Amino acid sequence: MNKVLTHKDVLDHLESNATIGIGGWGARRKPMSLVREICQSDIKDLTVVSYGGPDVGLLCAHKKVKKLIFGFVSLDVIPLEAHFRQARQNKEIEVMELDEGMLQWGLRSAAMNLPFLPTRIGFGTDVLTHNPELKFVTSPYEDKESFIAMPAIKLDVALLHVNKSDEKGNTHIIGPDPFFDDLFARAAEKTFVSSEELLSTKELGGKDGAIFNRFERSLVTGVVHSPCGAHPTSCSPSYGFDIQHLKEYSDSAKSFNDYADKYMNKSHQDYIESVGGIEVITKIPLPQF
Amino acid sequence: MSDSISLAEICISQASKAWQDDGEILATGIGLIPRIAAGLAKLTHNPDLMMTDGETYLISEPSPMGKRDSSADQVEGYMSYSRVFENLWGGKRHAMVTPTQIDSFGQTNISVIGNYDSPKIQLLGVRGFPGNSINHKNSVFIPNHSKKTFVEGEVDMVSGMGYKNKELSNGIFEIKRVVSNLGVFDFNGKNNCMQLLSLHPNVSVDDVIANTGFEIAIQSDSITSMPSNEELVLIREVLDPQGIRNTIFGE
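Chains as they are written, first to last, in this note's numbering: chain A, 1 to 289; chain B, 1 to 251.
Just so you know, the hints here were simulated from the structure itself, not pulled from any lab data. If you're wondering where the values come from, they're calculated on a predicted model, not measured in any experiment. Check the hints yourself; a few may be wrong.
[Stated by the list, open to error] Among the chain A residues that face chain B by a calculated CB cut under 7 Å, a handful are:
1) Met1
2) Lys3
3) Ser74
4) Arg88
5) Gln89
6) Phe116
7) Thr125
8) Asp177
9) Tyr259
10) Gln288
[As the list claims (entries may be wrong)] Covered by chain B, according to a simulated footprint, are these stretches of chain A (three or more residues, beta-carbon under 8 Å):
11) 126–138
12) 265–272
13) 276–282
Just so it is clear, CB atoms sit at the ideal spot from N, CA and C, and this is done for glycine as well.
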């Protein structure tokens, strides 16, 4: 079994109008090399599901987003995501704005093959006002309480970035927080992972490594070797987020051409060279709060 | 020492009191002043509080602001985002946050300013505010008390619920304390209206009224009590030795 693909190969599994989920959180462990590949393709009108960071912003800047299902979009060190803001303020995208726990519930519901999961979260807020498609369900038990029936968020494709993988799609996320990547994988028809390291199964470390295996290889359709593939987001414990680059990226919202000329429409290898190379990126310290 | 007490230090001291009766729960202070305040609460009136390092671990002592040797942190537990959600759904948390807008119902907004379908300013998105507000108590720190933050009518996009819908939270919804650059408040006035508890030095009741977009009750117009010497030592030498707090009001 060999699931190793190139960045370009992944595009064969993606169509315009698809619903894609992107793992990571804010400016952390985003599959940015895969996101850049989409930006450089003809694919458009995507519905994007994300705990959003520059993945969402970059797709917005390339006019790839029809609809965003989200709880927030942020670059962490730069709280507001300039490209997302611009797209939203220019009315370029539809949104389904949810509490970040509701978003998890939607993914979990899809992961469990359930049509919905009940929650109180959202009551008393304009999340309900602006998502009139959300319906309600009454407890069949004595309490008879009413809940929001958070619908399953089914994904055509999930894109994740991991620390290690073998050719079969046995992946390790060794940063301390796996975020909700496992649920993205379970909610998706197909999951593609980009990986810092591509190793033999033996090199994954047996029992000691297996605790970092957050979801089964049967969920993984393809593996792309992508050293520093999360740049400019962080990939703990290997590198932190590139604050200088995030600033340059953020400032480029006003005129994106200079940024695009410098960093887009390149192979992953050329992109990494354009931002300083692997040696420089892997020296970026992890953020401290 | 007391001659040079800063407004930031007064706010930190007052904000820390939000957690004093909470027992063993997760204290989350989001932003500079709330975070130092949560640390101060843990080091003074509520040592049972749980607290994170700002990332993924629960630590035994609050971490100081600014650069530190995080390998020296005494880690006592794990608090990934998934665990944060599990914890907050169970209600064992009290967060202090800084919404962009708050209204007379205690409803908060961090989503958009202006019309939702055509936002004047897109902010973060609702993040965890709907879930936080319906599942556990919250407090608020506002560094720029004005009619733009304490708004007339309702906030532009209700991200955190308010007292008008309290029954939907099984009675859990509560804004415990509001600390601003002008004074200290809670929502324990008649019909849960916001009420003034104390005024910071050199602030008048008229200043507060003129800068608040809705009617408030005046429970007291006394001057906010100053941080104790113990609190000042903890703030200055333990929690924020680099003085990062001074940036919040340009002190």
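Results for each hint:
1. Met1: Nearest chain B Cβ about 30 Å off; hint violated.
2. Lys3: Violated, about 26 Å.
3. Ser74: Interface hint status for serine 74(A): holds (6 Å vs cutoff 7 Å).
4. Arg88: This hint holds: arginine 88(A) lies near chain B, its Cβ roughly 4 Å from the closest one there, short of 7 Å.
5. Gln89: holds (6 Å)
6. Phe116: violated (17 Å)
7. Thr125: It holds, given that the least Cβ distance between threonine 125(A) and chain B is near 5 Å, below 7 Å.
8. Asp177: Interface hint status for aspartate 177(A): holds (4 Å vs cutoff 7 Å).
9. Tyr259: violated (20 Å)
10. Gln288: With Cβ-Cβ at 6 Å, under 7 Å, it holds.
11. 126–138: Answer holds; 4 residues pass the 8 Å Cβ test.
12. 265–272: violated (count 0)
13. 276–282: violated (count 0)
In the structure shown, a violation is registered for the earlier hints numbered 1, 2, 6, 9, 12, 13, in ascending order.
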